[in-house]
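Enquirer: Letter by letter, the chains look like this.
Number of protein chains: 2
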Amino acid sequence: MSPPPPEATVRSTPGTISWGYIDARLPPVLRVKSGQTVRIETVTHQGINTTQDPVAYFGAAGIAPGDVLQDAVDIFRKVKRAEGAGPHIITGPVYVEGAEPGDTLEVRILDVEFRVPYGVNATGPDRGAVPDLLEKPEQKVIKLDLERRVARFSRDVEVPLAPFMGIVAVAPPPEHSPASTKPPGPWGGNIDFRHLTAGSTLYLPVFNEGALFYTGDGHACQGDGEVDGTAIEISLTPTVELIVRKGAGKDMRWPRAEDAAHYYSMGMAPDLGEALRNAIREAVDFLQRKAKLSPAEAYALCSLAVDFRIGEAVNNVLMVYGAIPKRLFKGGPEYWHGKQDGIQDRGSRVEQGLRIQRQRCV
Amino acid sequence: MSPPPPEATVRSTPGTISWGYIDARLPPVLRVKSGQTVRIETVTHQGINTTQDPVAYFGAAGIAPGDVLQDAVDIFRKVKRAEGAGPHIITGPVYVEGAEPGDTLEVRILDVEFRVPYGVNATGPDRGAVPDLLEKPEQKVIKLDLERRVARFSRDVEVPLAPFMGIVAVAPPPEHSPASTKPPGPWGGNIDFRHLTAGSTLYLPVFNEGALFYTGDGHACQGDGEVDGTAIEISLTPTVELIVRKGAGKDMRWPRAEDAAHYYSMGMAPDLGEALRNAIREAVDFLQRKAKLSPAEAYALCSLAVDFRIGEAVNNVLMVYGAIPKRLFKGGPEYWHGKQDGIQDRGSRVEQGLRIQRQRCV
Numbered sequence: 061m062s063p064p065p066p067e068a069t070v071r072s073t074p075g076t077i078s079w080g081y082i083d084a085r086l087p088p089v090l091r092v093k094s095g096q097t098v099r100i101e102t103v104t105h106q107g108i109n110t111t112q113d114p115v116a117y118f119g120a121a122g123i124a125p126g127d128v129l130q131d132a133v134d135i136f137r138k139v140k141r142a143e144g145a146g147p148h149i150i151t152g153p154v155y156v157e158g159a160e161p162g163d164t165l166e167v168r169i170l171d172v173e174f175r176v177p178y179g180v181n182a183t184g185p186d187r188g189a190v191p192d193l194l195e196k197p198e199q200k201v202i203k204l205d206l207e208r209r210v211a212r213f214s215r216d217v218e219v220p221l222a223p224f225m226g227i228v229a230v231a232p233p234p235e236h237s238p239a240s241t242k243p244p245g246p247w248g249g250n251i252d253f254r255h256l257t258a259g260s261t262l263y264l265p266v267f268n269e270g271a272l273f274y275t276g277d278g279h280a281c282q283g284d285g286e287v288d289g290t291a292i293e294i295s296l297t298p299t300v301e302l303i304v305r306k307g308a309g310k311d312m313r314w315p316r317a318e319d320a321a322h323y324y325s326m327g328m329a330p331d332l333g334e335a336l337r338n339a340i341r342e343a344v345d346f347l348q349r350k351a352k353l354s355p356a357e358a359y360a361l362c363s364l365a366v367d368f369r370i371g372e373a374v375n376n377v378l379m380v381y382g383a384i385p386k387r388l389f390k391g392g393p394e395y396w397h398g399k400q401d402g403i404q405d406r407g408s409r410v411e412q413g414l415r416i417q418r419q420r421c422v
Numbered sequence: 061m062s063p064p065p066p067e068a069t070v071r072s073t074p075g076t077i078s079w080g081y082i083d084a085r086l087p088p089v090l091r092v093k094s095g096q097t098v099r100i101e102t103v104t105h106q107g108i109n110t111t112q113d114p115v116a117y118f119g120a121a122g123i124a125p126g127d128v129l130q131d132a133v134d135i136f137r138k139v140k141r142a143e144g145a146g147p148h149i150i151t152g153p154v155y156v157e158g159a160e161p162g163d164t165l166e167v168r169i170l171d172v173e174f175r176v177p178y179g180v181n182a183t184g185p186d187r188g189a190v191p192d193l194l195e196k197p198e199q200k201v202i203k204l205d206l207e208r209r210v211a212r213f214s215r216d217v218e219v220p221l222a223p224f225m226g227i228v229a230v231a232p233p234p235e236h237s238p239a240s241t242k243p244p245g246p247w248g249g250n251i252d253f254r255h256l257t258a259g260s261t262l263y264l265p266v267f268n269e270g271a272l273f274y275t276g277d278g279h280a281c282q283g284d285g286e287v288d289g290t291a292i293e294i295s296l297t298p299t300v301e302l303i304v305r306k307g308a309g310k311d312m313r314w315p316r317a318e319d320a321a322h323y324y325s326m327g328m329a330p331d332l333g334e335a336l337r338n339a340i341r342e343a344v345d346f347l348q349r350k351a352k353l354s355p356a357e358a359y360a361l362c363s364l365a366v367d368f369r370i371g372e373a374v375n376n377v378l379m380v381y382g383a384i385p386k387r388l389f390k391g392g393p394e395y396w397h398g399k400q401d402g403i404q405d406r407g408s409r410v411e412q413g414l415r416i417q418r419q420r421c422v
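Protein chains in written order, with my numbering: chain A, 61 to 422; chain B, 61 to 422.
If we strip away everything but chain A, and leave its shape as in the complex, we get (with noise of 0.2 Å):
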C-alpha cells in the first residue's frame, strides 16, 4: 500500500525541532486545515546525546558517514539540551487551523517510513522497569534489514519491525508548559503506544488554540512494556492526517485510539496499579455508550473480552491500555461472528477485518 502523497511536509532541522520539552509557547513550524496530510520528519536523540559526533559514534558501530542523517549533525553541533529537560528531539509544532481547547485532534496514522536502517537500544543501571537488573550501562546499535523487514538483534534472533512514533502529542495546557518530554499525560507524548504502527488512529483532547502537534522517538519495534526503558530508538518519517473534531474533546481524561481491529482505552499514573484502574475506568465509560450497557454490564463486558495490557512501564508515568475488540459488536462483516475456535482463530480474522477496513480508509 502507497500512502497518499503528503499535502505538507516538516523537514527536521535545528529551526522545527525542540530537545526535550513539549511546548505550548513556540511558534508553529507549519499551519493546516483540519484534514490535511502531513509528512514530519522526525529524528532520534540516539546518538545525538552524546559526548560524540554522531558521524564518530555511529561510526563505532559499523555505520558509514554518508548513511548518517545531516540533521542529527546539525542538531548535535548547534543545538544545547536545556538542563532538566527530556531525552527526546520532537518536531513541531504544526498548528491546525480550527482547534480549540475542549475540541479533540484525531491523528490518523497513514504512514510511517524508516529514515535509516538502523537504531540504538540504551538501558543499564536504574533504567527500565527492573532499575537494579544491569551493573552497567549499555548501548546497543541495532540493524535493520528493511526488505525482509527485521532487526537484525543477534545471529539467532531477529525482530519483526513494527515502526511507531514513542511520542504522538499536542501541547499541555499552557499551565503545565513547557512539559518534559518523558512522561505522557493527557496531552498524549511518550506514550509509547506500540499499536500506532499505520492505520491506526490516536484522539487526543486540544487544550490550546490550533491544538499544536509534536511528533518524535521513532521506534522500529517494541513489546508491551519498553521494559528497559527504551525500543529500537530510530529516525522516522510519519505522515499523519490531522482532523479537529469539534467539541469532542471535553470529557476525555486520557488519549483514546483505534485501529482496524480494537478501539484502545488508556490510563495514566505513576502506579501500574492506578494506571490500569484508570484504563479500565475508561473502558467502562466506553462500553457504556457504545453498547448502551449498565455500569455493571460495562464492567463485566472489560473482564469477559477485553484485554489489559502494559503499555509502558518506564516513564515515570505508566500506561495501561485496554484492547477492545471491534468485532464483540454486531454490524461488522458477517464473517466476524460467525464459528470462533478459541483464540486461535483469532489471527486470521483480525486479518480480514484489516484488510476490509484498509480497502474502505484508503
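Bear in mind the hints are in silico, worked out from the structure with no lab data behind them. Don't take each hint at face value.
Note that identical chains are pooled: a pair holds if it fits in a single copy or bridges any two copies.
[To be verified] Taking lysine to aspartate or glutamate pairs in the DMTMM-like style, the calculated list, with each CA pair at most 25 Å apart, reads: (1) Lys-203 <-> Asp-171; (2) Lys-200 <-> Asp-367; (3) Lys-242 <-> Asp-331; (4) Lys-386 <-> Asp-367; (5) Lys-352 <-> Glu-198; (6) Lys-200 <-> Asp-127; (7) Lys-352 <-> Asp-205; (8) Lys-386 <-> Glu-207; (9) Lys-242 <-> Glu-334; (10) Lys-200 <-> Asp-345; (11) Lys-310 <-> Glu-334; (12) Lys-93 <-> Asp-186; (13) Lys-203 <-> Asp-367; (14) Lys-196 <-> Asp-83; (15) Lys-93 <-> Asp-192.
Add chain B to chain A, keeping to what the hints say.
Expert: Relative to chain A, chain B alone:
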C-alpha cells in the same frame, strides 16, 4: 481436531472435589503414570455458593432443571464450604507416579470441553480491580451458543469463546498446605491465565511426591486481567497429559507456559509493579538460556519483542506474564522469518505456525 481418547477419567463428585483449598494432605482420587492422559470433570462454584439450590438459582435465569448438572446439586447438598476457604471447587488430586520435589510437572492441555451451555459473571462492590466502581452486587447468567462458539452477552454484543481452566495446580509445599484456592503461587493455582486453551502447556514445579494435580475454576472466555473479579465461570472438562520432567523444577520460581506461538514467563506479587518485575526477571533468565544472551541483551530483547501483559489483577496475588514470540528465534519454518509487514502480519503468520505445530504435536 478430535482429542485423543483419554486413558483415565475423573468424575466430579462430592468425593473427588475440594472446596476452597489446595491441599497436599488429601488422598489421591487417581494415580497415573507420567505421560498418561486424564479427562477431569470440574464444577464451577457459581450457583452452588448461594443460599438457593442450583436448580432454583439457574432456573431463575431460564435454565431448565434438566440442564443443571447433577454433581452441582450433589455438592450443594453434601459439601460444606469451610470458614475462610477460597471460593473455588476443584477436582483432585491426581497422583503422578515418579514425581518428586525438584521435578517439573508438564501439563499439556489437550482439550477443554463444555459441560453446559451457560455460565456466570459475578461482580460488585469490593470486587475486581476497581473495587469502588459498583454500588451493589451483580450476577449475570450468560448463555453460550456452542455451535457458533460465542457467548450471548447482550442483544448487540457477542464474545468469542476460548475455554480454559482458571485453576491448574500441583499441591503447595507441605508447609503451605492447605492453601486457599484464591491467591495463585509458585504451585500455579488460580492463575487465570487465558492462554491455557487447548494446545497449550503449563509447567509447574513439584513440591510433593506424586505432584498431586488439581484443576477447577473453568472459564468460557476471559480478557487479560479478569478485571471485574470473575470471567464466565462455567463447568468444564479438560483433558490433560501429565508428564514428569525429572529435576527440571529445581530452579523454578514461578510457573511457565507455552503454546505454538509463544513462550510465556510469569511473575506474581500482591503489587502489580512487583508482579511485572518478577515476570521480566523470568523472561530475562529464559532468554539468556534460550538464545545465549547476556543479561543486558536479554533485557533489551524483552523491551523490543516481549509483550508484558496483565494475566489477572484480582486474586490478592496478581499475575503479569511476558509473551515471548517463538518466531524470534531462527530454526523454525523459513516462512516464519520472511518479509514482515509490521504488526498487521502477525495474525496470519502465527496462524500458519499454529497449524504446522499442531500437525507435529498430534
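Enquirer: For each hint, tell me whether it holds in the structure or not.
Expert: These are the hints, each one checked on the structure:
1. Lys-203 <-> Asp-171: Cα proximity of Lys-203 and Asp-171: one copy only (21 Å, versus 43 Å across).
2. Lys-200 <-> Asp-367: between (32 Å within a copy, 20 Å between copies)
3. Lys-242 <-> Asp-331: So Lys-242 and Asp-331 pass the 25 Å test inside a copy (16 Å) and across (24 Å) alike.
4. Lys-386 <-> Asp-367: Classified as both; 12 Å inside a copy, 21 Å across copies.
5. Lys-352 <-> Glu-198: For Lys-352 and Glu-198, only the inter-copy Cα distance (17 Å) is at most 25 Å; the intra-copy one is 50 Å.
6. Lys-200 <-> Asp-127: within (17 Å within a copy, 61 Å between copies)
7. Lys-352 <-> Asp-205: For Lys-352 and Asp-205, the Cα distance is within 25 Å only across copies (22 Å; inside one copy 47 Å).
8. Lys-386 <-> Glu-207: This pair counts as between: shortest inter-copy Cα distance 21 Å, intra-copy 32 Å.
9. Lys-242 <-> Glu-334: both (19 Å within a copy, 22 Å between copies)
10. Lys-200 <-> Asp-345: Between copies only: 19 Å across, 42 Å inside.
11. Lys-310 <-> Glu-334: For Lys-310 and Glu-334, only the intra-copy Cα distance (23 Å) is at most 25 Å; the inter-copy one is 35 Å.
12. Lys-93 <-> Asp-186: For Lys-93 and Asp-186, the Cα distance exceeds 25 Å both inside one copy (43 Å) and across copies (48 Å).
13. Lys-203 <-> Asp-367: This pair counts as between: shortest inter-copy Cα distance 22 Å, intra-copy 32 Å.
14. Lys-196 <-> Asp-83: neither (33 Å within a copy, 45 Å between copies)
15. Lys-93 <-> Asp-192: neither (48 Å within a copy, 43 Å between copies)
The structure does not agree with the numbered hints 12, 14 and 15 stated previously, though it agrees with the rest.
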